[in-house]
Every structure is written in C-alpha cells, then in structure tokens.
Amino acid sequence: MQINGAQMVIEALIAEGVDTVFGYPGGAIMNVYDEIYKQNDFKHILTRHEQASVHAAEGYSKASGKVGVAMITSGPGFTNAVTGLADAYMDSIPLVVISGQVPMSLIGTDAFQEIDAVGISRSCTKHNYLVTDAKDLGRILKEAFHIASTGRPGPVHVDIPKDVTAQIAEFDYSLELNLETYKPHVKGNPRQIKKAMEAISKAKRPLFYLGGGIINADAAYEVRDLVHKTGIPAVETFMARGTLSHDDDLLISMLGMHGSYAANMAMSETDLVIGLGARFDDRVTGKLSEFAKNAGVIHVDIDPASISKLVNADYPIVGDVKNVVKEMLELSSEIKSEKYSSWRDTINQFDELHPLAYHEDTDRIKPQWVIERVGELLGDSANISTDVGQHQMWSAQFYPFTRPRQWISSGGLGTMGFGFPAAIGVKSACPEKISVNFTGDGSILMNCQELMTAVEQKLPVINIILNNNFLGMVRQWQTMFYDKRHSETDLSVQPDFVKLSEAFGGIGYRVKTKDEFDAALKDAVEKNIVAFIDVVVERMENVMPMVPSGGSLFNMMLLEKKEK
Amino acid sequence: MEASERRVISVIVVNEASVLSRITDLFSGRGYNITSLTVAPIPDSRYSRLTIVTSGSIRVIEQITKQLHKLIPVLRVYEHADLVEKEMALVKFPVTENITDISTLCEAYNGKIVNVGENVIIVMVADEPKRVDNFLQVIKRYNPKEIVRSGAVALER
Ligand SMILES: Cc1ncc(C[n+]2csc(CCOP(=O)(O)OP(=O)(O)O)c2C)c(N)n1
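In order, the protein sequence lines correspond to chains A and B. Throughout the first sequence, residue numbering follows my numbering, covering 6 to 569 in sequence. Throughout the second sequence, residue numbering follows my numbering, covering 185 to 341 in sequence.
What the hints contain is simulated information worked out from the structure, not anything from laboratory work. Take these hints with a grain of salt, some might be off.
As the list claims (entries may be wrong) - For the chain B half of the interface with chain A, some residues (derived, Cβ under 8 angstroms), not all of them:
no., residue
1, V198
2, S202
3, R206
4, D209
5, G213
6, Q247
7, Q251
8, K254
9, I256
10, P257
11, V258
12, L259
Claimed, not checked - Below, in silico cross-link-like pairs of lysine-lysine (BS3-like), each with a Cα-Cα straight-line distance of 25 angstroms or less:
no., chain 1, residue 1, chain 2, residue 2
13, A, K371, A, K527
14, A, K331, A, K209
15, A, K327, B, K250
16, B, K250, A, K314
For clarity, every value in this text was computed on a predicted model and none was experimentally measured. Using N, Cα and C, we set each Cβ at its ideal position, and we do this for glycine too.
Using the sequences provided together with the hints, build the complete structure.
So this is what it looks like as structure tokens:
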C-alpha cells in the first residue's frame with residue numbers, strides 16, 4: 006500500500022504489537038504525532054522530559070520483557086534522550102528509539118534544531134539508522150525491532166527527517182528480513198558444554214556466578230532448576246537480583262563492591278566459577294589479578310566480546326543462556342549434590358561470621374530498615390526500582406526478591422534520575438503490581454517533573470525517599486577516602502517534598518518514626534495515587550560491607566561488630 | 185604491561201552510509217590504535233574491504249576483532265597470520281637532485297618515476313611497509329620535498 010512515512014511508523018508499531026509508546030513531541034516529529042492522534046491501537050504516554058521517555062521505556066521493557074519504544078523530536082529532544090540510550094546500552098535493554106530530524110534538504114546546514122543524532126548515538130546504541138527515503142522505512146523499523154531484541158539486546162535508534170515522514174511510498178511490513186551480516190550465535194557448542202559439565206563434576210568447590218543476562222534471556226527458571234539439581238551454591242550480580250528467590254538455601258546473596266562477605270569469600274575460595282550471563286564487571290571482580298585466583302572459569306554469554314575480555318575463560322560458551330542452561334540440565338545427572346555439602350557448610354560459616362546486617366543504634370530510622378520493612382509489608386506484590394546511590398545498594402542488599410524482573414535499577418551507567426520514570430514504565434507494564442521506587446534526596450530531583458506524568462496517567466508510583474540530607478554515596482567515599490572533606494555533597498537545603506508532590510496532584514508524607522512509616526506506606530497503597538514518602542533517615546550511615554575500588558574481594562571493609 | 189604487537193586486520197563491510205565512521209568510532213571510543221587504514225569497494229559486490237594496521241596486546245587484538253564483528257554491517261573479520269602486504273608511497277624531489285640515482289633506487293623498491301615537471305619529479309614505490317620505511321630512510325639525502333604513504337593492503341597467502 007502507498008502511505009506516508011509517518012503512517013508507516015504507526016503501522017510498524019502496530020505490527021510489532023507495541024501497546025505503549027513513551028515520548029515528547031516537537032517540530033521534526035510532528036507528522037508522526039499527527040498520526041498518533043488519529044489511531045487507537047496503542048497508548049502514548051507523554052513524559053515531561055525526553056530523558057524520562059527513554060527511562061520509562063527501559064522500565065517498561067525490563068518489567069515486561071518486551072521491546073520498549075520511545076519517540077522524541079530532533080535537536081534538544083534527542084540530546085535529552087542520550088542519557089537514556091546510554092543507560093539502556095550499558096544494561097542491554099531492548100529499545101527502539103525514534104527521533105525526528107530536520108528535513109533532508111536542511112541536513113548539514115546547522116538548521117534550527119539540527120544535531121548529528123546518529124553521530125551522537127553511534128557509541129551508545131547497538132545500531133542506528135538515518136532514514137533517507139520513505140521506501141526504506143518499513144525495512145529499517147523491522148530491522149530495528151529485530152536487532153534490539155535478539156542476540157545481546159540493546160537500544161536501536163532510528164532518526165527520521167521530517168520530509169521523509171511526509172513522503173509517500175510503498176509499504177509492506179510482511180517483508181522478509183535479510184540481514185546476512187547479523188546472525189547472533191544462540192546455540193552453545195555442544196562439545197564445549199559437555200566439557201564444561203565434566204569440569205563441574207570434577208570440581209570440589211564450584212560456584213554459580215549469575216548475571217543480568219539471565220534475566221534478559223528469561224532464563225531464571227531454567228537456572229533455578231540447574232542450581233537445585235546440582236546443589237551448587239550461587240552468587241548473584243547486582244543486575245541478576247531475583248534470579249533465585251531470597252529464601253533459596255543455595256543463594257549466597259550479591260557479590261562485588263557491596264556484596265556480602267560470604268558471596269565474596271565464596272568467589273575467592275571457589276575452584277570453578279560457572280559464569281552465566283555475567284560480564285565480570287569491575288564492580289564485581291575488584292582487583293582482577295586476585296579475582297577467583299585459583300579457579301577455572303566457565304563463561305556462558307551471548308556476546309563473544311564479553312568472553313575473556315577481563316577474565317580468561319577456560320570453557321568459553323557463546324550462546325543464549327537459556328538454551329545453554331537447558332543443555333546443561335540434560336547433562337547434569339552426573340553431578341552429585343552431596344559432594345558439595347562441606348563446601349556449602351563453609352559458605353554458611355562465612356555467612357554466620359559476617360551476615361549482611363546493620364546496627365539500630367540511633368534515634369533516626371536506619372535506611373536499611375525501611376527497605377526490609379517494605380519487603381515485609383509488600384514483598385512479592387511490589388516491583389522495585391531505584392535511583393542511584395546508597396539507597397540503591399541497600400535495596401539490592403536488603404529487599405527480599407522473589408522473582409526475575411522484580412528488580413529494575415541502573416547498573417552499568419549508574420544514572421541518577423533513572424528510578425522514577427523507570428517505575429512509571431514498570432507500572433504501565435505491570436498494573437497489577439505495586440510500583441515502588443527507592444530514591445535519594447539527590448536523585449529524586451533529577452526527574453521529579455515526572456510527577457506530572459504519573460498523576461496524569463494515573464500510574465501510582467510510590468517513591469520512598471531515603472532522605473539523609475546528603476549525596477550519600479559520594480559523601481561515603483569522601484568520609485572514607487577524602488578525610489571527611491564533604492565537598493559539595495551536603496543537601497541540607499531541600500524542597501518540601503510533601504508539598505512538591507501535592508503541587509502536582511500527588512500525595513506526600515514526611516516520616517520520622519517507624520510507626521509513621523508503616524502508616525504512610527499503608528495509606529499510599531490504599532489511596533493508589535502517586536506518592537512521595539520522605540523518610541528522615543540516619544545521615545551518616547555507610548553501605549557495608551565494601552571492597553574499596555581496585556581492592557581484592559577477600560579484603561573487605563566490614564560492618565563493625567557491636568557488643569550487646 | 186603485556187607486549188604490544190603489530191597486526192593487520194581485514195574487515196568486510198556492507199557498503200552503506202556511515203559504515204566507515206562506525207569502524208573508526210569503535211577504535212577511538214575504546215582506545216585502540218590505528219596505524220593505517222585503507223578502504224575500497226570489492227568489485228562486483230555490495231561490500232567494501234578495509235585493511236587496518238593496528239597494534240596492541242593479544243587481549244586487545246582479540247577485543248578489536250570481536251568488537252568489530254559485533255557491528256551490524258560487518259560481514260567478516262580476518263586477523264591475518266600469513267599474508268602478502270603492500271603499501272605505496274609517492275615522493276616529490278627537486279629536479280636538481282640526481283635523477284638517475286633516484287630512479288635506480290625506486291626500481292629496487294618496485295617503483296619508478298611517474299611525473300617530471302619543471303621544478304619537481306614525483307616517484308612512486310609499492311612494497312612491503314617495512315621496505316617502504318627503508319626506502320624513505322635512504323632517499324633522505326636527496327632532499328624529498330613531500331611524502332605520502334597509502335596505508336597497507338593485504339591478502340592472506
Ligand atoms: C547523573 C549522575 N550524576 C552524578 C552521579 C554520581 N553519583 C553517584 S551516587 C551519587 C549520590 C546520590 O545521592 P542520593 O540520590 O541522595 O542518594 P544516596 O546516596 O544519598 O542514597 C552521585 C552524585 C551519578 N551516578 N549520576
């Protein structure tokens with residue numbers, strides 16, 4: 006059929022089964038918005054900032070497993086969205102981001118709101134396109150969705166000049182994709198898998214090292230089977246929280262910079278690391294030369310470039326972790342769970358020696374308590390997103406996750422301002438779950454305008470501000486490594502967060518005691534509108550334990566023991 | 185520090201807009217070296233071939249090839265072991281220099297005089313990059329006014 010470029014965008018989104026688009030209009034994308042106005046097949050959510058459009062699409066994608074879609078205009082619209090693209094790229098989140106561009110005839114003239122968008126997005130997308138002819142648009146959008154969601158997922162950016170959205174051409178979305186240069190390796194090499202299983206059956210102290218790739222690949226339940234069948238203990242990365250349920254006997258919590266003592270000690274003592282969808286990030290490994298020093302390494306990853314990038318893999322397996330784990334399951338009968346009982350005992354002793362904990366030694370509420378309390382009160386019924394800082398690490402440490410896709414946080418880029426818009430995306434994907442965003446008094450101000458989006462769209466996100474009057478995480482480093490010179494991290498001057506929320510039509514609570522907190526949370530859940538719960542917490546609390554950056558995992562700074 | 189090695193890598197890419205900048209951005213963005221880069225379409229196909237001379241530790245070279253392969257328009261990446269490698273240089277001399285000597289030298293390096301003008305002569309040589317280095321060393325005494333090198337092209341034996 007002959008239609009214009011803008012109509013092609015709509016048709017493609019419908020054909021891809023997109024039900025929600027997050028975006029913000031402007032001159033260069035107006036033709037597409039005109040078509041959005043005319044249709045009823047999908048919903049458009051107007052965020053109040055383009056960065057938030059992309060973060061919301063990320064939250065939507067992380068919670069639902071589908072491709073997230075954001076739509077923005079040229080120039081400042083696009084540059085505002087770049088942080089979101091970079092965030093999605095680092096965390097391998099499948100997105101299609103469509104931007105308007107100035108008309109072809111004006112490209113290169115420094116026209117009004119012109120920016121070299123594909124030049125900018127090249128380094129923070131899996132792939133990108135500048136569409137120069139409407140006849141290519143259908144194919145490009147189809148490729149974009151395919152590339153975003155297959156192999157190692159990631160954001161794809163499609164930049165469309167205004168005249169191309171007006172241009173009329175033939176459109177047929179049933180075309181076959183012919184991407185001869187893009188063929189992700191999804192099936193692991195069977196011989197290599199067999200060798201890896203033999204190595205596991207010979208190992209005395211093997212350890213599963215579970216990464217975010219498992220969540221992306223929807224492989225958590227297969228991984229649960231493999232862990233239980235083999236009886237081999239497992240550590241999770243920050244991105245992998247929820248792969249195993251918090252009450253699983255074989256889960257030894259999170260490892261890395263703010264991982265538990267037991268997880269980091271297990272990693273230091275293991276003789277075989279079984280890495281699944283994990284990329285040996287520097288926040289996980291600490292000092293590389295000391296990381297799992299005496300262990301062999303099995304590394305399963307969809308991205309060949311991730312394998313042996315930092316830590317040499319003795320058993321590299323390129324493939325989709327879900328496929329590979331299924332094959333591992335078939336070969337797992339050789340492995341006798343009883344063999345590892347003393348290894349599991351050793352790890353349990355580590356855990357008893359230094360459990361993840363905190364001291365209730367001040368009048369103020371401890372931030373960790375808030376997270377535990379939300380876990381007790383809401384548990385599985387909530388999806389949890391966060392901003393970036395101490396509150397984020399405490400959330401990863403203390404929330405009792407029960408399932409994959411329950412945990413949504415910015416790992417690779419560590420983007421303050423991510424949490425609230427992401428939670429809006431999460432809520433729109435999973436309306437039946439409560440959407441909680443743990444945030445800081447610093448982070449929340451980076452996208453607090455999204456109160457308007459949440460109120461307008463009736464997406465009742467509960468923002469719990471762990472208010473320590475500081476850029477807490479930076480303050481912690483200044484305390485520990487800069488002789489307490491708290492340079493520009495004091496946030497004593499603050500807005501009234503209750504009034505801020507109310508000004509947008511939300512609800513606000515200022516909480517100083519535990520009872521007040523319980524009441525506020527209960528009320529916010531019942532009222533079911535967007536809320537800020539501003540919790541006055543202990544100001545100087547540090548995230549513990551901690552591996553100082555560049556240090557070895559087994560050399561942690563630990564929570565001081567208090568005599569009762 | 186791991187030892188740094190010189191490597192020649194060929195990359196076959198789909199001929200499309202901005203594919204070259206995808207490659208060079210990858211190198212600059214990840215801090216890899218480019219010593220030289222040549223590129224031209226492969227006859228009768230929709231592909232181009234790039235020859236990249238680079239250097240780095242074994243780990244870096246492995247990452248370069250893997251990361252190149254991840255780019256969507258890249259069809260194939262060859263990290264050459266046994267190859268024939270050629271590079272060209274054009275050199276401009278004042279005509280007042282000893283043209284016979286220069287001409288003989290050029291012949292020794294697979295070259296010749298390609299242009300004689302009123303004030304300058306231009307010669308070309310085409311040889312292995314190391315030998316082109318030598319040539320450029322030797323001709324210093326004839327006061328070359330300008331030198332251009334092409335970057336290497338290579339084929340697996
Ligand atoms: C956009 C952005 N700017 C700066 C930083 C650096 N940074 C990391 S954590 C942090 C402090 C966060 O403070 P807050 O949101 O109050 O959370 P807290 O650490 O107090 O829990 C800062 C400034 C960042 N991660 N992202």
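Hints, verified against the model:
Annotation: interface hint on B/V198 holds; nearest CB of chain A at approximately 6 angstroms, less than 8 angstroms. For the restraint placing B/S202 at the interface with chain A, the shortest Cβ-Cβ distance is roughly 7 angstroms, inside the 8 angstroms limit, so the hint holds. Interface hint at B/R206: satisfied, since its Cβ lies 6 angstroms from the closest Cβ of chain A, which is below the 8 angstroms cut-off. Hint status for B/D209: holds, given a least beta-carbon distance of 5 angstroms to chain A, under 8 angstroms.
For B/G213, the suggested interface contact is upheld, since its CB lies about 5 angstroms from the closest CB of chain A, less than 8 angstroms. A hinted interface residue such as B/Q247 counts as satisfied when its beta carbon comes closer than 8 angstroms to some beta carbon of chain A; here the least separation is about 6 angstroms, so the hint holds. Interface restraint check for B/Q251: the shortest CB-CB distance to chain A comes to about 5 angstroms, inside 8 angstroms, so the restraint holds. Here the hint on B/K254 is kept, as its CB sits about 6 angstroms from the closest CB of chain A, short of 8 angstroms.
Residue-level restraint check for B/I256 holds (minimum Cβ-Cβ distance to chain A is 4 angstroms; threshold 8 angstroms). The criterion of a C-beta within 8 angstroms of any C-beta in chain A is met by B/P257, whose closest approach is roughly 6 angstroms, and the hint holds. Interface hint status for B/V258: upheld, as the beta-carbon distance to the closest one in chain A is roughly 6 angstroms, under 8 angstroms. Given hint, B/L259 at the interface with chain A, holds; its Cβ is 5 angstroms from that chain's nearest Cβ, closer than 8 angstroms.
A threshold of 25 angstroms between alpha carbons decides the hint, and for A/K371 with A/K527 the separation of about 19 angstroms falls inside it, so the pair holds. A distance of roughly 23 angstroms separates the Cα atoms of A/K331 and A/K209; the hinted pair therefore holds under the 25 angstroms criterion. Of the supplied pair hints, the one linking A/K327 and B/K250 holds, its CA atoms being roughly 22 angstroms apart against a limit of 25 angstroms. Note on B/K250 and A/K314: the hinted pairing holds, with a Cα-Cα distance of about 10 angstroms set against a maximum of 25 angstroms.
Comparing the model with each numbered hint stated earlier shows that all of them hold.
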